[in-house]
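> As given, the protein sequences belong to chains A and B, one line each in that order.
Numbering of the first sequence is given in the working numbering, commencing with residue 640 and proceeding in unit increments.
Numbering of the second sequence is given in the working numbering, commencing with residue 286 and proceeding in unit increments.
It cannot be assumed that every hint is accurate.
Cross-link-like lysine-lysine pairs, in silico, DSBU-like; alpha carbons within 35 Å at most [to be verified]:
id	chain 1	residue 1	chain 2	residue 2
1	B	K647	A	K656
2	B	K800	A	K657
3	B	K755	B	K445
4	A	K656	B	K640
5	B	K456	A	K774
Everything labelled a hint here was simulated from the structure, so no lab data went into it.
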Amino acid sequence: MSKQLTDVEDVLEGAVKKHGLSVVPLLQEIQEHFRYLPEEVLRMLSRKTGIPLIDIYHAATFYNSLSLTPRARHQISVCAGTTCHIRGGGKLIEEIFQLLGIRPGEITSDGEFMLETVNCLGCCAFAPAMVVDGKYYGNLNPGEVREILNALRKKAVS
Amino acid sequence: MPINLIGVEPLYKELNHNTTLSLVRFLLQGGVLMNTGIRSKLAKPVDLKNLREMLKDRLDPKKQRLVVCGDTGCSVCGSRELAPAIEEVLQERGLAGSVELKVTGCLGFCEKGPLVLVFPGAVFYQQVQAEDAAEIVEKTVLRGEIVDRLLYTDPADGRKITCAYDIPFYKLQTRTLLETGWYINPLDIDDYIARGGYAALAKVLDGMPPEAVIAEIKEADLRGRGGAGFPTGLKWEFCRAAAGNEKYILCNADEGDPGAFMDRSLLEGNPHAVLEGIIIAAYAVGAKEGIIYIRIEYPTAVLKIEQAVRQARELGLLGKNILGSGFDFEVIISKGAGAFVCGEETALIRAAEGKVGEPRQKPPFPANAGFRGMPTVINNVETFVNVPLIINRGAAAYHETGTESSGGTKIFCLVGKINNSGLVEVPFGTTLRQIIFGIGGGIKNGKRFKAVQTGGPSGGCLPEEMLDLKVDFKDLAQAGSIMGSGGMIVMDEDTCVVDLARYFLQFLKSESCGKCFSCRVGIQRMLEIYDRLTTGSASIEDLDLLEELAVTVKDTSMCGLGQTSANPVLSTLRYFRDEYLAHVRDKRCPAGVCRSLFRYSIDQDSCIGCGSCAEQCHAGAIVEMEEGCYSINPELCTRCGACVEACVSDAITKG
Ligand SMILES: Cc1cc2nc3c(=O)[nH]c(=O)nc-3n(C[C@H](O)[C@H](O)[C@H](O)COP(=O)(O)O)c2cc1C
Ligand code: FES
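Start from the sequences, fold in the hints, and give me the full structure.
Encoded structure:
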């Protein structure tokens, strides 16, 4: 535990050195390290910098890419942009709910999958689109989503 | 050839993304990264000229070149595997030295990706996969033959078209800003310089007073491409005239419109053009520092603009005493954390300062009090790309394109239910019909055109009667829409405009910063009415209330987000009242989108009794009544549409 704490100290130290009191870059840096914003670390950040915790919380909840919940092993981002919406993106989200029982912002109880929506992945010509663990998929229908996720589930089991 | 990763390492370390290393490898395919060693700085304008002279064989029109689209879009459908495959074939055949392979930014015709162009001749191959690499090299590169099956077929007459420039999608465009992107590796500054890059900067620094630069931009009638269309020259003039020595340039690359990617494509395809525009702007207003605020959701664009800044600095095009002119300028890159409202200029300033990006009341305008409270010019990515063009061509020649009040061209992101999705550049004044039916090739699957949404969530929805409208800031506003940054989403008869307006409000609600009352509560109240509309519980009075609310929110909100949030509501109410009435009076969604307001049923005459619909139904709503005769229970049906996808005989109907 104490070793972990010094690690956190180091991360915070480095981040503050680099970004001063700019709260957003500080949070981006913390998230890069921990893959999310752990409450304890944010409290430490507040103590260290004197930035009120409420301001830190304000920023952390204002920006979509900052997350207060831990990430899952597999990160699913379904595009909720306009083109994807009119080309059936909602059906993909429905399919994922049927399959994994999670809605956007939620995580499966085994911590394997997390679903989130993003505003346009910039590949609208291939709408509806989603990204799973950094890999882009386009022109999807619910059946294909099932195949992609089932393949990941199988891998997890074996 | 081993790919040289020196100098790129910090890029992917910084991005800390599991796919970034492979992304960098992909982008560098076939090309060597140019700035791996320290290069000598260009001390005078003539040094730049000499460098261009040295690079001149890059322009050799006879040189054999294979161009692979490396944009995010094409990599989704396979260009990441394709480029390495081509490189391997070239090496096997011993052609790696003589045939050039270039991974570029977006080539435009995203619908047909992954795209490959073969030069000379601009032979256009579509939907190319890694397996096709050998054949392309074997036939087209070595023997000059055409691979017929990869050509584009004109749906109008079934004719195959070989040269990209003959394809209607490209032929009907005026590609001045996008054209260069076909010829350059965005990670290589030398490619840009060879094609005349930074010549405008040299011209400006070599004896053009800042006032003359501003006059030129004013004469060109360049209007901001980020949404509001404010005259750029005027904005620069205000900032130049503002008191104080510390001034800033802020490049708005936040591109929050969900369904548009013009700025991303420019940054990915031609980052140095953006940078050159920024440096010229800085010179004109007297700024020493610039900030590029770019959204984190665009990792490739971030990587490329960072690379561009690094290379420009190495050549002395950024930094102290640029080209010996005595002018100093530096650029930093600031990564957005994802919030639509941060695209609004006063919010952008705060976000770039590392704070929470909430807008504030104007005035003071950023030209007087912007970044760190100092005079700041904020322009959009595409606006900056126009700047070198104006300086090089001269305002008068530039203004030959466009309408009286808006000079030049505009890039649109043409997407939705359209045949030719992609990035489209046309002069101001082109009609919606020319864009949608000429360039866009009409509606997918032979359906009927219903509406087009311009300007993103803050824009309006225009019906068929408005197709002859000329796209221009003024005309679009009169029709109840806006130009916005250039999103153009085409809808067919299967799109419900009530659902669409609800979608935009939902988006705006979650993106509203909540600071002012009318936007925070007004959008929420409108959304509640839409919830009633889409579930069939709205009354006719709700429509009047909706209109009243929309007008109030428009008139009383503090920033552009609230002020424009009424556009989707008012424009759909204006042009599609019948569809609203169907939702209210008949409790019916004519397009079959609002789930509570339509049903699926099986047409027994077309049904072949295969049962694949029942297999796909999660809800267990499809039952076999008797041998080979299926029926859908509307109580259990969730309207997910899986049965429609599964049906092989189109027997499932909506009503
Ligand atoms: C809610 C909202 C979002 C905006 N988003 C963007 C954006 O993503 N990109 C952009 O360039 N301008 C955006 N704008 C417009 C900017 O406020 C500003 O007018 C523009 O960046 C100025 O540059 P220009 O004159 O070159 O267009 C937005 C405005 C509002 C009200
Ligand atoms: S709207 Fe989904 S990729 Fe653009």
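> Could you run down the list of hints and mark each one as holding or not?
We went through each hint and held it up to the structure:
With a C-alpha separation of about 34 Å, the suggested pair B:K647 and A:K656 falls inside the 35 Å cut-off, and the hint holds. Of the pairs offered as hints, the one joining B:K800 and A:K657 holds, with about 30 Å between alpha carbons and a cut-off of 35 Å not exceeded. Proximity of B:K755 to B:K445 is assessed by CA-CA distance (about 31 Å); at most 35 Å being required, the pair is judged to hold. Between A:K656 and B:K640, the direct Cα distance comes to roughly 17 Å. Compliance with the 35 Å bound is thereby established for this hinted pair.
Distance restraint check for B:K456 and A:K774: the Cα-Cα separation of roughly 34 Å lies within the 35 Å cut-off, and the hinted pair is therefore satisfied.
Violated hints for the displayed structure: none, as all numbered hints are satisfied.
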